[in-house]
Amino acid sequence: MKRRVKTGIRGFDYVVNGGFLEGTVNMVTGGPGAGKTIFALNYILKGADMYNENGLFITFEETWKSIRESMSEPLLKIYERTEDKINYLDLTAMRRVLGENYNLFDVSVLSDMIKAVVENNDVKRVAIDGISSMALKYTASTEHRNAFFRLGLLLKDLNVTTVLTAEEETYHEFPFKEYLADSITHLIYDGKKRRLQVVKMRGSDFVGGYHGYKITDEGFIVYPRRVTSAIRSERREEIVSTGIKILDAILGGGYNRGDIVFVIGCEGTGKTTIARHFVEDGSRNNERTLILCFQNPWVYSKIDNVDVVHYNPAETDIYEIFDNIYTKEYDRIVIDPLDALFVQDLKEVQNLLQNATLYLKSNGITGIFILNTSEYVGTYSMPSHMAHLVDTIIALKYAEIDFQLKRVMGILKARHLRYEPGLWEYTIKGGKVEIYGRVERISH
Amino acid sequence: MLSGESSDKMVRIPKEMYDGIMEIISMYPEYGWKGPAEFVRDAVRRYLEEIKNREKLYRKLAPRLPGRIIAILREVAGEKLAMRIERELEKIEFEDPKLYYTQVLMVLSKYVGKGAAQLLAKRIMEIMMEELKYEEESENRNTRI
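Residue numbers (our numbering), protein chains in the order written: chain A, 1 to 444; chain B, 445 to 589.
I should point out that these hints are in silico values taken from the structure, not numbers from a laboratory.
Beta-carbon label-pair distances, calculated as ranges:
1) B:586 - A:101: 27 to 37 Å
2) B:550 - A:99: 20 to 30 Å
3) B:485 - A:101: 29 to 39 Å
4) A:150 - B:503: 34 to 44 Å
5) A:106 - B:501: 23 to 33 Å
6) A:150 - B:583: 47 to 57 Å
7) A:206 - B:507: 52 to 62 Å
8) A:72 - B:546: 39 to 49 Å
9) A:22 - B:503: 46 to 56 Å
10) B:571 - A:72: 31 to 41 Å
11) A:102 - B:507: 22 to 32 Å
12) A:106 - B:546: 22 to 32 Å
13) B:451 - A:157: 56 to 66 Å
14) B:546 - A:101: 11 to 21 Å
DSS-like mimics (lysine-lysine), calculated; alpha carbons at most 25 Å apart, straight line:
15) A:245 - A:429
16) A:245 - A:302
17) A:115 - B:566
18) B:558 - A:85
19) A:85 - B:524
20) A:65 - B:524
21) B:453 - B:478
22) B:554 - A:85
23) A:115 - B:558
24) A:156 - B:558
25) B:554 - A:115
From the three backbone atoms N, C-alpha and C, an ideal C-beta is built for every residue, glycine too.
Let the hints inform the model, and build the full structure from the sequences given.
The following block contains the structure:
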């Protein structure tokens, strides 16, 4: 069984099932600004820094000088401490020297160069950045096809693990991709949103579909679409307190551990307060809570064992937001409010939410998802595509009782719980929910 | 009737080449070639001189080759590789320019592959020859002035 070569690119190794297979050629394509060079550079730098593997970076388009000058400070620091493990060949500089003779610089010359540098420097990783400019010099003539085929064989013989980058536009015309590439990864960038997709990986599973990615000072970061194939077949028999004694009693003890609870209501009904009770209870029991917060993060301040992550949902990639769920081991999670995410691509939100809820259920992480509704009184509607995700629904609203508008809550659904049906009058005092009792009579 | 010395040797040339020579002779009578034999002698004499000159140039330029290679490699492959090659090149003793050139090429091939080494060395020699030609022309101009 072939060894996995971890790329060191955060999140990417999850997508390719632990890393590239050793000795394979891996093509990364993308349009301008998609991050191909930074991907290849990260692969070499992180390989040297994290896995102590010597690397070779070959550049056809940008000069090494400009690549080095555009490195962020953290990447430059990595380069400086691993410089003795990193070799490069700047073929742009070579082109300047060779002038017209550069036309004689073909695949066989490149192969010779790679062999010499790899053998002399114990290189394990090779990145060839911008190979399409060379590849497109060739039409599909047998001779040149063979030359590329031999390059692929050479890289395999040398047992180096290679990343090749190619322009997305030219990739489709690239006549040798079938020969050369054991895996193909597309980087898709439309000027705002960045998506990564692996479409082929010979001899290995990979996580299909789209994944988010970002280019930061720390380098290339992938936010994978985490896939949980199946949930646990047995239900957890453990009850988790809501943090409100009377609500625990109404629900027949509290929430089931690992359940997803929707708290639905209009403005001012105390949805966040109910979530805060739950978070405080977690803190008292030394349970760690993640709060994905899209409004008023200070509501959750001064509580121990809590990570509050605050985003502007319109400006942050949905994949980055969801990635927080998987980065640490949490016992509880709150999304406040879930509907803030609906400004993003709804299909992507649904997909990520589906996988996240399966993950939460499988790992016994109890989730409270807050959902705003526009109806202050009367019936509620919930997005139908979410109904199957939910175990418990707590509905909060206003009702006219004795000719006064009062807050009432009801349990619309509580899977596996023996809950008390009916409406319960409550109020919010000093940031706490106080439930008075069952509502006997509502004015109509 | 053949003219020339008894020790002269005969060589054969293809008919197309012979026809080409005849065409040039008739096109440029001002050069005064009396026939194809004189044309060929003239051409061979010039070519031999050029080769000898090239030998002289090689003798002059070959020792400069390592310095130029190192300067280029610093940019193409970085200081580390350039220094390693430089240390090896320093060990080569210069006697015969051709041998020296071959030895330099061998060292270079070890680090950047045969194809790239040949291309680089050839191009660097070309560049140095052009520079030398320019230098000589400048010197001649200055002398005339």
